[in-house]
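Line order of the protein sequences matches chains A and B. Residues in the first sequence are numbered from 1 upward in steps of one, following the UniProt record's numbering. Residues in the second sequence are numbered from 1 upward in steps of one, following the UniProt record's numbering.
Please note that a few of the clues may not be correct.
[What the hints assert, rightly or not] Each computed DSS-like pair below joins lysine-lysine, with the alpha-carbon atoms no more than 25 Å apart: (1) A/259 - B/499; (2) A/392 - B/293; (3) A/310 - B/226; (4) B/499 - B/348; (5) B/499 - B/478; (6) B/337 - A/205; (7) A/119 - A/90; (8) A/139 - B/131; (9) A/302 - A/259; (10) A/139 - B/134; (11) B/381 - B/499; (12) B/228 - A/259; (13) B/228 - A/392; (14) A/64 - A/79; (15) B/287 - A/259; (16) A/322 - B/228; (17) A/224 - B/278; (18) B/376 - A/64; (19) A/79 - A/160; (20) B/226 - A/265; (21) B/131 - A/119; (22) A/322 - B/80.
[Said to hold, decoys possible] Some residues of chain A that are not near chain B, with every Cβ distance over 12 Å (derived): (23) 6; (24) 10; (25) 15; (26) 18; (27) 75; (28) 76; (29) 215; (30) 226; (31) 265; (32) 302; (33) 346; (34) 348; (35) 373; (36) 398; (37) 413; (38) 414.
I should point out that these hints are in silico values taken from the structure, not numbers from a laboratory. Source: prediction; values computed, not measured. Just so you know, even glycine gets a beta-carbon here, dropped at the ideal spot from N, CA and C.
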Amino acid sequence: MAIISKDEARQILEKVLSFSSAENCEVNLSGSRQGNIRYARNTVSTSGVQENISLVITSSFGKKSGVATINEFDDESLKRAVKRSEELAKLSPENPEFMEPLGPQEYSESKTFAESTAKIDAEYRAEAAADSMGPAAQKGVTAAGFLEHGAGFNSMMNSKGLFAYNQNTNVDFTVTMRSNDGTGSGWVTRDFNDVSKLDTGEASKIAIDKALQSREARAIEPGKYTVILEPAASVQLLNNMFGSFNARTADEGRSFMSKEGGGSKLGEKIVDERINIYSDPQHPEVPTSTWTGNGLPRKKMKWLENGVVKNLFYSRYWAKEKGVEPVPFPGNGIMEGGDATLEDMIKDTKRGILVTRLWYIRTVDPQTLLYTGLTRDGTFFIENGKIKHPVKNFRFNESPIIMLNNLESLGVQSRVNGNLIPLMKVRDFTFTSLSDAV
Amino acid sequence: MKRRDFIHLAGLGIGASVLPVPLMGNHIPAEALLEVPIDPVKKKMLADVALNTAKSIGASYADVRIGRYLNQYVFTREDKVQNIVNTESFGVGVRVISKGTWGFASTHDVTPDGIKRATEEAVAIAKANAKIQKEPVQLVPVQPYGEVSWKTPIEKNTMAVPVSEKADLLLAANAAAMENGANFVNSALFMVNEQKYFASTEGSYIDQDVHRIWPTFNVTCIDRAKGKFKSRQALSAPMGMGYEYMDGRKEGKLDGPGGLTHYGKYYDIVEDATAAAKQAKEMLTAKSVDAGKYDLVLDPNHLGLTIHESVGHPLELDRVLGYEANYAGTSFATIDKWESKSFNYGNKLVNLFADKTQVGSLGAVGYDDEGVKCKKWDLVKEGILVNYQAIRDQAHILGERESHGCCYSQSWSDVQFQRMPNVSLAPGNETYSAKDMIKDVEKGIYIIGRGSYSIDQQRYNFQFGGTLFYEIKDGEIKGMLNDVAYQSNTQEFWNSCAKICDESDYRLFGSFFDGKGQPSQISAVSHGSSTTRFNGVNVINTGRNI
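Work out the full structure, taking the sequences as your base and the hints as a guide.
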């Protein structure tokens with residue numbers, strides 16, 4: 001029941017619209033089945049499944065809108081829900097930023113669904129967890145991990161003739177391995193649309209090795225260091241930077257992207273010229289839906305080209321105000337990289353720190369995009385091209401803008417949280433204090 | 001669901017995009033928030049379907065939660081109502097133990113058939129996982145309470161107040177901010193009503209009606225020529241109260257140092273928005289702090305978050321034991337430190353307690369989500385670590401025979417687990433006000449409101465900002481400061497506690513959307529304290545030129 005086919009969705013949506021007497025009506029139908037398993041102390045702790053399906057009807061008269069949601073699909077229930085949304089619309093205040101529904105759009109085919117992932121069951125989950133815990137126990141390491149998977153669909157239709165449909169699957173896996181003496185910790189993350197690409201045993205070995213190698217870390221002075229950031233270490237800072245690529249807040253003067261004297265930094269070079277970031281819903285490694293929740297098509301879009309801001313996202317309302325085309329928020333971020341592997345990068349480093357991940361990242365100053373947080377689960381000192389020893393974790397205070405200006409080199413990309421991010425070597429990364437945390 | 005999905009679902013523009021707002025549930029008309037769709041007799045009948053099914057297919061324990069979770073959110077910016085959202089989420093979650101292993105399943109199909117299917121699925125999951133289970137679940141006993149009920153003591157049900165009245169109040173606050181120099185203001189009112197029915201094979205049938213409210217805003221002032229902006233958030237606290245919190249009654253206000261007004265049991269949003277605009281404007285030209293050691297005078301509306309991060313989370317027993325290792329982390333407050341009975345978490349002035357019964361607090365309920373009656377207990381007594389926060393499957397590890405009653409799930413569709421109770425700092429015994437405290441400081445900073453906060457995965461090293469910072473010199477407030485953050489270590493910090501104001505200054509801080517677990521769940525929790533001074537804390541300057 002959780003996944004309704006394209007034809008069935010079309011029929012339900014057409015039926016709902018046939019009951020509408022509003023000036024405009026837009027209907028979103030979506031459903032999913034999600035499952036998870038969680039383990040800690042080398043044993044399973046919780047596991048469960050959730051199934052949901054929901055139909056959201058938005059009716060509008062002029063600039064007044066009303067919304068009703070329902071998860072029963074007999075004619076009477078659908079009629080009642082349509083009527084309720086219309087009554088609510090008539091009672092609601094006018095929204096000065098109301099936009100009429102979009103007309104028919106063309107969408108490219110999406111690559112977000114894999115049958116293998118949709119078939120995951122309780123037995124698979126238990127085995128995947130066992131594959132991760134087994135090697136840990138053998139090496140004197142304690143595993144705590146989480147595997148979450150889902151299969152679902154989204155569809156929408158409106159009274160202007162727009163119809164969109166997409167099916168997607170996802171699997172996310174993370175595991176933290178801690179040495180039994182509590183002095184070492186390693187971590188790994190994997191996410192795919194297609195679960196056949198996931199090997200929890202192989203991934204867990206990386207975390208186990210890091211746990212064993214990071215034991216008895218030494219304290220070194222905080223300060224500015226050259227760092228090699230694994231993709232999982234930089235992804236959140238990059239995501240946070242991306243949050244400021246919003247034309248409206250930039251134009252309003254309340255974002256990093258706002259310019260002295262007014263206007264935005266669109267067209268300005270803000271980071272090193274080797275930085276290129278784009279989004280592409282059809283990238284085979286990180287596919288996303290080819291349309292957004294309000295029906296705008298997602299296309300390949302450049303955000304930073306040779307360090308220059310190429311696009312900001314514009315809501316439909318703000319685009320109309322500014323007389324430009326709307327630019328939807330992307331579903332992924334792809335940062336171009338190089339050929340260097342992690343081993344190459346270490347070999348090429350005279351003195352630096354290898355960072356597995358950054359944790360508890362919070363905004364310190366939205367004006368400068370200054371963030372603080374800490375290294376975690378594998379931080380190592382590099383000298384003369386070799387990893388010398390693990391180091392105690394650091395707190396950092398750094399801005400992704402400064403980080404991308406201090407770029408030394410880029411390495412191979414890998415998928416993290418639905419994005420494609422390269423290894424990065426950056427000079428003068430600011431560590432401000434030491435932490436005893438393992 | 002991931003955070004980015006929350007934002008996508010919310011689709012509420014700027015106001016919402018700065019808040020991780022989970023909109024779980026179906027949209028319903030405001031009037032439906034007051035309907036009673038199902039009575040306790042019917043709930044008991046449905047609950048028994050789950051309990052009987054579970055027992056008949058080999059479960060040694062089962063509990064069932066039939067939940068109706070209602071949310072009303074109102075969002076505005078400047079002179080516009082951006083969105084009014086009324087949602088209802090209704091369904092059943094069944095948790096079982098079979099072969100010593102937990103299993104959980106949930107369904108929105110609240111019928112005998114739907115509940116039976118969910119129960120069978122929960123048992124099947126438990127059995128599948130039993131193959132890889134190494135630590136069979138052990139529950140400490142709980143008293144069977146029979147059929148009982150509990151309700152948040154409220155004067156005015158938020159859901160019964162017309163939406164237009166709420167929107168008008170927010171718009172009045174926005175207008176006050178704009179008249180006093182703000183360039184932008186976003187405001188929001190979050191209201192929650194959890195109607196939860198719990199039953200278990202232990203013999204309890206518990207019906208509860210829980211209410212919470214949180215008004216908040218963000219006022220921004222801009223210096224366009226310099227391309228600079230500063231924001232000031234509301235100094236409200238989310239509360240376990242009804243709409244009476246918005247009354248702005250005089251007895252809820254406290255006249256603080258430096259002409260500041262603090263809010264306790266009642267909040268005046270228009271007055272606070274007026275002050276916010278003036279203060280955000282002042283921030284644009286305030287002095288940047290000189291880094292160094294300062295005596296910090298921390299207002300309860302700020303200190304609450306420091307308590308939350310440096311005491312609340314590290315004393316969650318599941319963290320200490322490693323159950324949260326893969327997400328939030330573990331804890332420096334290890335079992336051996338507790339067993340030693342001599343671990344100085346803080347100095348002798350420091351008494352920290354957990355309390356699920358405090359009136360007006362976010363965490364107050366009659367019974368937790370596994371049917372345990374709530375209570376108050378000590379965590380740190382005269383500086384010594386004396387206890388943790390535990391639930392039924394953990395209490396035996398502490399050698400205790402009863403749970404602390406802090407099990408919670410954000411909804412019927414998620415499994416319940418150990419969540420932080422209200423954790424508070426006991427006030428000082430001697431008569432002493434915040435104004436007295438300022439007089440006793442030579443070189444210090446007075447910090448009000450929540451700001452940036454970050455702490456490591458074992459809760460040693462932290463860095464906190466705030467909303468408002470005032471320089472204190474020779475016993476007087478000298479003016480506003482910018483770019484302030486303090487960095488410390490939890491044990492060092494609580495041992496630098498120098499003085500705590502008396503009970504008349506005691507107020508609650510709250511966290512409405514505290515996240516924990518995988519999949520992540522939110523919960524709401526309060527932290528009470530009086531203004532407190534910490535001596536010689538390291539302050540850094542966070543200003544940068546880009």
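Hints, one by one, checked against the model:
This hinted pair does not check out: residue 259 of chain A and residue 499 of chain B have alpha carbons roughly 45 Å apart, beyond 25 Å. The suggested pairing of residue 392 of chain A with residue 293 of chain B holds, with an alpha-carbon distance near 24 Å, which does not exceed 25 Å. Of the pairs offered as hints, the one joining residue 310 of chain A and residue 226 of chain B holds, with about 23 Å between alpha carbons and a cut-off of 25 Å not exceeded. A C-alpha spacing of about 11 Å is found between residue 499 of chain B and residue 348 of chain B, which places the hinted pair at or below 25 Å, so the restraint holds.
Restraint check for residue 499 of chain B and residue 478 of chain B: satisfied, since their Cα atoms lie roughly 21 Å apart, inside the 25 Å limit. Taking the CA atoms of residue 337 of chain B and residue 205 of chain A, the gap is about 32 Å. The hint is violated against a cut of 25 Å. Annotation: proposed proximity of residue 119 of chain A to residue 90 of chain A is violated, straight-line Cα distance about 44 Å (limit 25 Å). For the given pair, residue 139 of chain A sits about 21 Å from residue 131 of chain B by alpha-carbon distance, which is consistent with the 25 Å threshold.
Straight-line distance between C-alpha atoms of residue 302 of chain A and residue 259 of chain A comes to about 21 Å, which keeps the hinted pair within the 25 Å bound. Under the criterion of a C-alpha separation no larger than 25 Å, the hint pairing residue 139 of chain A with residue 134 of chain B is consistent with the structure, at around 17 Å. Between residue 381 of chain B and residue 499 of chain B, the direct Cα distance comes to roughly 16 Å. Compliance with the 25 Å bound is thereby established for this hinted pair. The suggested pairing of residue 228 of chain B with residue 259 of chain A holds, with an alpha-carbon distance near 9 Å, which does not exceed 25 Å.
Restraint check for residue 228 of chain B and residue 392 of chain A: the C-alpha separation of about 37 Å exceeds 25 Å, so the hint is violated. Restraint check: the Cα-Cα separation between residue 64 of chain A and residue 79 of chain A comes to about 20 Å, which is no more than 25 Å; the hinted pair holds. For a cut-off of 25 Å, the pair hint linking residue 287 of chain B to residue 259 of chain A stands: about 22 Å separates their Cα positions. Between the alpha carbons of residue 322 of chain A and residue 228 of chain B the distance comes to roughly 22 Å, so the proposed pair stays at or under 25 Å and holds.
At roughly 38 Å between alpha-carbon atoms, residue 224 of chain A and residue 278 of chain B are farther apart than 25 Å, so this suggested pair is violated. Using a Cα cut-off of 25 Å, the hinted pair residue 376 of chain B and residue 64 of chain A is violated, with the two alpha carbons roughly 49 Å apart. Proposed proximity of residue 79 of chain A and residue 160 of chain A is supported: the alpha carbons are some 20 Å apart, at most 25 Å. Restraint check for residue 226 of chain B and residue 265 of chain A: the C-alpha separation of about 14 Å stays at or below 25 Å, so the hint holds.
Proposed proximity of residue 131 of chain B and residue 119 of chain A is supported: the alpha carbons are some 21 Å apart, at most 25 Å. Of the pairs offered as hints, the one joining residue 322 of chain A and residue 80 of chain B holds, with about 20 Å between alpha carbons and a cut-off of 25 Å not exceeded. For residue 6 of chain A, the condition that its CB be more than 12 Å from all CB atoms of chain B holds, with the nearest at approximately 22 Å. Distance to chain B confirms residue 10 of chain A as a non-interface residue, since its nearest Cβ pair spans about 23 Å, more than 12 Å.
The beta carbon of residue 15 of chain A is kept farther than 12 Å from every beta carbon of chain B, the shortest such distance being approximately 19 Å. Every Cβ of chain B is farther than 12 Å from the Cβ of residue 18 of chain A; the closest lies at roughly 21 Å, confirming the non-interface assignment. Here residue 75 of chain A stays apart from chain B, with its beta-carbon at least about 19 Å from theirs, past the 12 Å limit. With a cut of 12 Å on Cβ distances, residue 76 of chain A stays outside the contact zone with chain B, its closest approach being about 17 Å.
With a minimum CB-CB distance of about 15 Å to chain B, residue 215 of chain A clears the 12 Å threshold, and the non-interface call stands. The claim that residue 226 of chain A is not at the interface with chain B holds, since no C-beta of that chain comes within 12 Å of its own (minimum 20 Å). Listed as outside the interface, residue 265 of chain A is inconsistent with that label: its C-beta sits roughly 10 Å from the nearest C-beta of chain B, within the 12 Å cut-off. The Cβ of residue 302 of chain A sits about 21 Å from the closest Cβ of chain B, beyond the 12 Å cut-off, so the non-interface label holds.
For residue 346 of chain A, the condition that its CB be more than 12 Å from all CB atoms of chain B holds, with the nearest at approximately 25 Å. The claim that residue 348 of chain A is not at the interface with chain B holds, since no C-beta of that chain comes within 12 Å of its own (minimum 28 Å). Listed as outside the interface, residue 373 of chain A is inconsistent with that label: its C-beta sits roughly 6 Å from the nearest C-beta of chain B, within the 12 Å cut-off. The claim that residue 398 of chain A lies off the interface is violated: its Cβ sits roughly 9 Å from the closest Cβ of chain B, which falls inside the 12 Å cut-off.
At roughly 20 Å from the closest C-beta of chain B, the C-beta of residue 413 of chain A stays outside 12 Å, upholding its exclusion from the interface. Every Cβ of chain B is farther than 12 Å from the Cβ of residue 414 of chain A; the closest lies at roughly 19 Å, confirming the non-interface assignment.
Checked against the numbered hints given earlier, this structure breaks hints 1, 6, 7, 13, 17, 18, 31, 35 and 36; the rest are met.
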